Amino acid sequence: MTLTIAELARALDARLWGDGSLIVTGAAEAGQAGPGQIALATSSAYAEKLAPGGMALLADGSDPEALGLRAAILVARPRLAMAGLTRAFDPGPGIAPGIHPSAVIDPGAEIAPDAAIGPFVVIGAGVRIGAGARIAAHVSIGAGTVIGRDALIHPGVRIAHDVTLGDRVILNPGVSIGGDGFSFVTPEKSGVEEIRETLGGRAEIRAQHWTRIHSLGGVEIGDDVEVGANATIDRGTIRATRIGRGTKIDNLVQIGHNCVVGEDCLLCGLVGIAGSARIGNRVVLGGQVGVSDNIFVGDDVIAGGATKIFTNAPAGRVLLGSPAVKMETHVEAQKNIRRLPRLYAQVAELRETVKKLLDKDARE
Amino acid sequence: MTLTIAELARALDARLWGDGSLIVTGAAEAGQAGPGQIALATSSAYAEKLAPGGMALLADGSDPEALGLRAAILVARPRLAMAGLTRAFDPGPGIAPGIHPSAVIDPGAEIAPDAAIGPFVVIGAGVRIGAGARIAAHVSIGAGTVIGRDALIHPGVRIAHDVTLGDRVILNPGVSIGGDGFSFVTPEKSGVEEIRETLGGRAEIRAQHWTRIHSLGGVEIGDDVEVGANATIDRGTIRATRIGRGTKIDNLVQIGHNCVVGEDCLLCGLVGIAGSARIGNRVVLGGQVGVSDNIFVGDDVIAGGATKIFTNAPAGRVLLGSPAVKMETHVEAQKNIRRLPRLYAQVAELRETVKKLLDKDARE
Amino acid sequence: MTLTIAELARALDARLWGDGSLIVTGAAEAGQAGPGQIALATSSAYAEKLAPGGMALLADGSDPEALGLRAAILVARPRLAMAGLTRAFDPGPGIAPGIHPSAVIDPGAEIAPDAAIGPFVVIGAGVRIGAGARIAAHVSIGAGTVIGRDALIHPGVRIAHDVTLGDRVILNPGVSIGGDGFSFVTPEKSGVEEIRETLGGRAEIRAQHWTRIHSLGGVEIGDDVEVGANATIDRGTIRATRIGRGTKIDNLVQIGHNCVVGEDCLLCGLVGIAGSARIGNRVVLGGQVGVSDNIFVGDDVIAGGATKIFTNAPAGRVLLGSPAVKMETHVEAQKNIRRLPRLYAQVAELRETVKKLLDKDARE
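Residue numbers (this note's numbering), protein chains in the order written: chain A, 6 to 369; chain B, 6 to 369; chain C, 6 to 369.
Heads up, a few of these hints could be off.
[To be verified] Sample of chain C residues at the chain B side, in silico, Cβ under 10 Å:
{"#": "1", "residue": "A71"}
{"#": "2", "residue": "L90"}
{"#": "3", "residue": "T91"}
{"#": "4", "residue": "P96"}
{"#": "5", "residue": "A142"}
{"#": "6", "residue": "S327"}
Hints listed in this document are in silico derivations from the structure and should not be mistaken for laboratory results. Predicted, not measured: the structure shown is a model, and the values here were computed from it. Quick reminder that beta carbons are idealized off the backbone N, C-alpha and C, glycines included.
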């Protein structure tokens, strides 16, 4: 895609400086930009790397003239401008318009006329696919599933039956939506149930087979949700597993059956949320965070990387550690652990001193 | 599927109350049941939500008459009844009978006459597929692999060559069975080998390339095993990686080459078991648990979420923490860490007091 | 594959003992070898299990005559010999030569004449596939992507557009290369940005929507890299995400956008590396290790299983724990935590003793 730098500035709702007629064909890091590329120099450290005579995206307050540029776009929040800039030049995954002749589509499915369906796609009975949706190669969609308008489903995604995806949902390659929940029961009370009641004690260990609880509920995913490559969201047992509007889910995240995740959350890579957990709105979970089953995590909770949440977390709390505690408590605990060698030495010295006092006392 | 509530009670081996001729078409949570749906009210909290005039699944000792129901099924262990109830109404993934014409099947493969093979499936030479097995779209099966009776292979599953799956095995979407083991060697002793011997010390750091040890062993998976979406089980080096009968494996679990996992285990989401580890029978590993390579975990071990098992674990032990310790030891250690601020204050005060005693002692 | 034991010894650059004309058809563990199979007895414990009259791979210094063998191969570093031995007998994934007629290949793609392309493969415009490359069933390759010579791409791999793979790269089943980076921005400063600045404090919690930063950069993967099943490597924002030559990546590993991973690294199962992290050469990360975004991990760092690296790590360091510290510091800290009950008892006793001394002092 090509546009003038003046058009780009307008698209970013930003201020143009210099020659607005220059053509922009792409973006590059500062110092890496070739002809036609706009260099990203959103901090002064990057600005130093700029070659004179080119184009750049700069933070407000920079001086494009002093940098010797021919044209520049000046923005108040550079990271936000990156969103618009990268959107302008993203070629996307290249799914040809129309329905590829190799696709196997149930005659009862309803495909919007302008939806694009790639090679070897399999679509089941009663599926409905919204206007502008793009379904890449090797995707399978089970019976009764609904895909919203302008959805983008990357190659090899697995969507089971009775799933609902909102508008503009993006599923990256290999995502699985609607696999069976991990839900089993033993005829007698199992060892796990016993330990949860006794906090560690066990009466007697018995043989136990696991009987499957089937997953009849589907999955409901709101508008503007994105899911990363090879992430998995299981179907609910009776009612649907639900992901709220605007929530972004990273690669290799696992969301168990019956979970309810709120709106505008960020779940980073390798997060695991066990069955029936409820996550509030605007919750941010760092990479490899774990949430136990049946736990409630309140609105606006932020958990740092590798935090393990075993108990309910109140709204707004900032969590860290395993088990998760308030961030400041975790930082304090780590400091206390680091200071232990000194404490051991002090106590040893105290014991020695007190022993001497006692000995002296005894002698007197 | 539809059946009368009397038939359903009989299928669950449970007691019927009220009008057994009512037709049940599905299940719903208490307070959510529409016409034809049986409400699940397996605790008194749920029972309060029941609308009068309907059908419900109740725990023994409930009073369906007082709840104003028209019919009810009363069960001793409601969670177990859920297994039968959900099985009765599960439509499954909808794989059409017969072999889809698009499937690419080696002429040397043996497919049982009533097996179902979906679109775009690829089956290699010498593969044998048992009676009643269902293979969904986009599955690939390597040469010489054997799939048991009534197996259910969901879309996009990857089964490599020389793998054996037992009867009634369920593989959820995107599972990979029989990928290459992660096994490499350096011509000279590597830094990792040195550190394992010295517990942290390193003589000299050298350049090192990794040479691949190929995986000649396959994978053997017992009857009634289930594997969750996008989970991976690698093939063995010389002998097969093995998963015992009845073991259930959740989404995104990684099982390394040469591992031997026993029977009736539960491995929850994002568990990682490194190469050549041996796991006993009825072991339960919570979400994100890790097991080091070459470790032995005894029968009936239960490890809480995020436990990291670096050393052998004796049979029956309940583990928690990283590194894993007995659950009560972990709970005690956490308590001790939480109490440290008080300990630091006490020691500071003691030092002050003893200093005063010493000073006084010196003055006397 | 079959060869004589003399040929095998020559291939392994190892010493032959006994009858070199015996035919070897495969390998087995000591005590499990059938006719034609060479038994692996690389330690004395295994050598004890050998049946007389057979063939074995032995460590230098073993006495094949005393073990009653007919032929043996003697090697200095048995684990290294395993590499050659297993390579000799690996049948590989069985991808037929030529291009399967079902493959959908853009007319603008360049496929080397001897490359093998399996069933239902989809290849985009401008793709180049090197000599000897093998692409298994159900693989999709986006526009402009380059695959090196002798690459082996297992079934169901997803390679997006503008990705470069070096020679001899191996991608196991279900790998995703070039999915969108997990990169979002809020119009106003987000809660996460605020907490990073204040280390836990939050002024005011506001509603916030996430705006997508698109990923224009591709992925560049060096020669001899291997990637395990269902692992994911995201594309960069502006420049490419890069993996250096010879690096081996295990199953279910997540590598974020813009990451630069060096040469000859080992990244074990379920490792997560957040966006824009830089990893040096010869770095070894154990299973479930996490690396925060924008972190630098120096050359030759080794991190034990489940280590969580939140801050830069200097070259050569051996790390353990969460948060990661030097291995010896971690071991010491664990010991200090285990000894806490005794410390608490000592301090309690000291307080008692000092109280008595004070009381006595007051009485005097």
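key: Interface hint status, P96 (chain C) versus chain B (Cβ within 10 Å)   = Constraint on P96 (chain C) satisfied, holds at 7 Å.
request  = Go through the hint on A71 (chain C) and say holds or violated, using the shortest Cβ distance to chain B against 10 Å.
outcome  = Given a least distance of 24 Å, the restraint on A71 (chain C) is violated.
query = Can S327 (chain C) be said to touch chain B, with a Cβ gap under 10 Å?
reply = Where the cut-off is 10 Å and the nearest Cβ of chain B is about 7 Å from S327 (chain C), the hint holds.
inquiry  = So, as I understand it, the hint says A142 (chain C) touches chain B; can you test that by seeing if any CB pair is closer than 10 Å?
reply    = Check passed: Cβ of A142 (chain C) comes within 4 Å of chain B, closer than 10 Å.
ask   = Quick one, is the T91 (chain C) hint okay against chain B at 10 Å, beta carbons?
value = This interface hint holds because 4 Å falls under the 10 Å limit.
key: Hint validity - L90 (chain C) Cβ closer than 10 Å to any chain B Cβ   = The hint holds - L90 (chain C) has a Cβ within 10 Å of chain B, the shortest such distance being about 9 Å.
Of the numbered hints listed earlier, the single one contradicted by the structure is hint 1.
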